[in-house]
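Take the two lone chains and join them into the complex the hints point to.
Line order of the protein sequences matches chains A and B.
Residues 24 to 142, numbered by this note's numbering, are exactly what the first sequence covers, in order.
Residues 115 to 296, numbered by this note's numbering, are exactly what the second sequence covers, in order.
Any given hint could turn out to be false.
Part of the chain A face toward chain B, derived, beta carbon under 8 Å [stated by the list, open to error]:
no., residue
1, Q39
2, I52
3, I82
Treat the hints as calculated values from the structure; they're not laboratory data.
Don't be surprised by glycine CBs; every beta carbon is placed ideally from N, CA and C.
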Amino acid sequence: MTSKIINMAEHMKDAQDRMLESMFASAPIADDGFSAQVIRRVRRKMMLRRLSLPVAALIGGVVAFKPFSTLVGIAHQLLLQMPDELVASAVASLPTVQLIVTGGLVLCAAIFSLSMLED
Amino acid sequence: MVAEDNQLVARVLASQDMAAFGELVRRHQSHVRNFLRKLSGDFTLADDLAQDCFMHAWEKLHTYSGRGSFIGWLLKVAYTTFLQSKRKSKRYAEILEAAGTQADVTEQTHVRQSEEVGDLERFLAVLTEEERAVIVMSYACGLSHREISEATSMPVGTVKSVIFRGKEKIRTSFDIKDHQYG
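Extracted from the complex, chain B is given alone in its bound form (with noise of 0.2 Å):
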């Protein structure tokens, strides 16, 4: 019999059960890495902030009420990790600034990204960060409304709200009727 989330949540709180924790990693690692792959755009960067989400996940557990699925408090974890990676990486530009030296990594990444983007990436393009995270919780996880306010610290409205906006500008940005959309 396959174990619900819940159930594996509370054998790792009760006696720090790795082999419960690993099915959890298993089971929800392509969504996780799939979200944050979508969210920064290199997989290599994305697989690393994965895999410091579900250190995190391991710390944090005791948090998890239950209540939400699972994979939506994880994504939660995970667009945190992203966050606090992208704070901690624009520090970092600064000091680089300050000091007089140019941050080559950065160029490198936007040199390879520009020959690697289709058609979602320079859709995602056009989004400001807040809105990519909500469509691509949205479209890619397919997550609730509820579960993206949850995991966003949003009101259910302004997710629908952002959803929206998003979505508009998709359409504007790229010229879209709806008979295209096929």
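Okay, chain A solo, but in the shape it has when bound (with noise of 0.2 Å):
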């Protein structure tokens, strides 16, 4: 009942509001090429955000590569001092290629999931 009084209340016009509604009162604005223009920088957003990612990744790579090849370097010359037993009871510790070609890949898909569902 309280929200029926209300609405009528609200609906009561009265001159100045007539004045003030015929004033206001305008043709639609035609879109004129606005709606495209939004879909478009729409797009380009979503293009942004999913290529952010592996961009990141690869910017990283390029520039960790450089330091973590002397890296490598500095440890197989490292091995090559070492005594033989120890460097083959180490080598057998260490994880296989195909075990961390397999975690880089599931690493990838995981990174890749996440992304598909962020966006």
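Next up, the structure:
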């Protein structure tokens, strides 16, 4: 009941209301490519977001490549200086190449799925 | 069959349907641009803000509960976008002032606007930003008091009193008598 009274009061317009309504009344603004521009911006933003993670990973990889290869070289030098039996036991305890590749693939798949989920 | 706003929103949320979002933009761009044009008094700025508003709407669409009207929610986003832009330009003006530079852009805008003002712009000029937003939502966009309340986060009673105060200001500032309303 109260809400009905409020709605009625809202619809009881005085002369000033009518004047303001007529002053504000205007023809609808023509689209003129506005919507298409908005959609283009949304598409661009979506694409940027989708690309940002792989691109960041690629840049990170490029930046890290040189220090990492240096690190591998140093490790190789150190390994050469180690006694043979110690190297053999250490190599045996290291994960195999297949395991590393599988782990890498799983990690990539997880990152890709997460980015898709986020989008 | 023409899809309702809520159906289109659901399609966008479910599958990021760009065609559905495009339809929503096409349907409501006129209201949003009109609202921002009346609020800012600058057509170019208003259209830029309207684009930003739809970008924000795309980002925040999941926050639309579907209870109120979609245009009410959209105008809330537009109003927030407008206020954020005002805050940014205020900060920019402060930085310019601190650097001892005059903000020529603002002056140019005022000059251009003063040449173009009509009765409506003169009426709106006597109102505060808040009153202008509420009056435009009410008279230009046809929103109910409840919808304006949701869009501006003001209680319904406050919306009514802001409208009343705005109308009183217009009445007294321009010495309008009741019989002049026609």
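Cross-check of the supplied hints:
no.: 1; hint: Q39; in the structure: 6 Å, holds
no.: 2; hint: I52; in the structure: 4 Å, holds
no.: 3; hint: I82; in the structure: 25 Å, violated
Of the numbered hints stated above, the single one contradicted by the structure is hint 3.
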